[in-house]
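**Q** So you can see what is in the structure, the chains are spelled out below.
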Amino acid sequence: MYNLLVEVLYFAEFKDITKKDTEKFDLSSKNLKELIDLLIKKYDPMQELLLDKKNESLSNNISVIVNNKSIHGQDVLSTSLNEGDKIALLLPVSGG
Amino acid sequence: MNETKELRSGIYNKGEITLDEIIKSVKNNPKIKKVGSIHVFTGIVRESSKEGKQVKSMKIDSFDDLANKTIEDICESLKKKNGIIDVKIVHFKGDFSLSDDLVYVVVASAHREEGFDAIKNAVDLYKKEIAVWKREDFIDGTTKWIH
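Here the protein sequences line up with chains H and A, keeping their order. Per my numbering, residue 1 is the first one in the first sequence, and the count goes up by one each step. Per my numbering, residue 1 is the first one in the second sequence, and the count goes up by one each step.
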């Protein structure tokens, strides 16, 4: 029985770390913070990429995209998630 | 390829289309008789990183949905500028060797000055705005995603 199933899309470093293109996570709460915590618990190297130097909040380098829409605001970690949401955590881009 | 069909700007797999096909598509633009110059930029894999490390190969990853939308927006924005008739941006993804083509920008303009400006703008914009990442793989066995 699932609580809230969401899908994470991996790109660049995240794809190298996980060796996956996408992965589903089951959340008991309905916010982004739980997802970030689960990612860091499962993949140690993600902590350095996702969190600031104090490990207190999301790094300024990270852009959060939910269902192809960018999430802005002071408290991104409290963003509510819904069943089936597709979440991407993006580092700054570098076109060829 | 059907030469009458307009070629889509956006993300493609390595080698999926050629520069020649892009130029043919531009020359099929109904407004081609207004064009006095076609400008081409090709980004290729360099043998050294910005820090001077020897590059062996490169990987390009992309968030296709976002990147395609942003590329389309860049092209449409530039086409609104005076004298710009057509703009195509094609960015490849996958695994690349030294000197492989990574990106094509093709601009068709009424006069050369507008074309030179537009191609510089297009390159500056795609470099900083599209959801594409490149990883340099060095000959010493290390790798680095560029940001």
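The set of hints was computed from the structure by calculation and includes no laboratory data. There's no promise every hint is true.
Claimed, not checked - Facing chain A, from chain H, some residues (calculated, C-beta under 7 Å):
no.	residue
1	13
2	78
3	95
Ideal Cβ positions, reconstructed from N, Cα and C, are used throughout, including at glycine.
**Q** When the structure is checked against the list of hints, which entries are broken? Sort them ascending.
**A** 2
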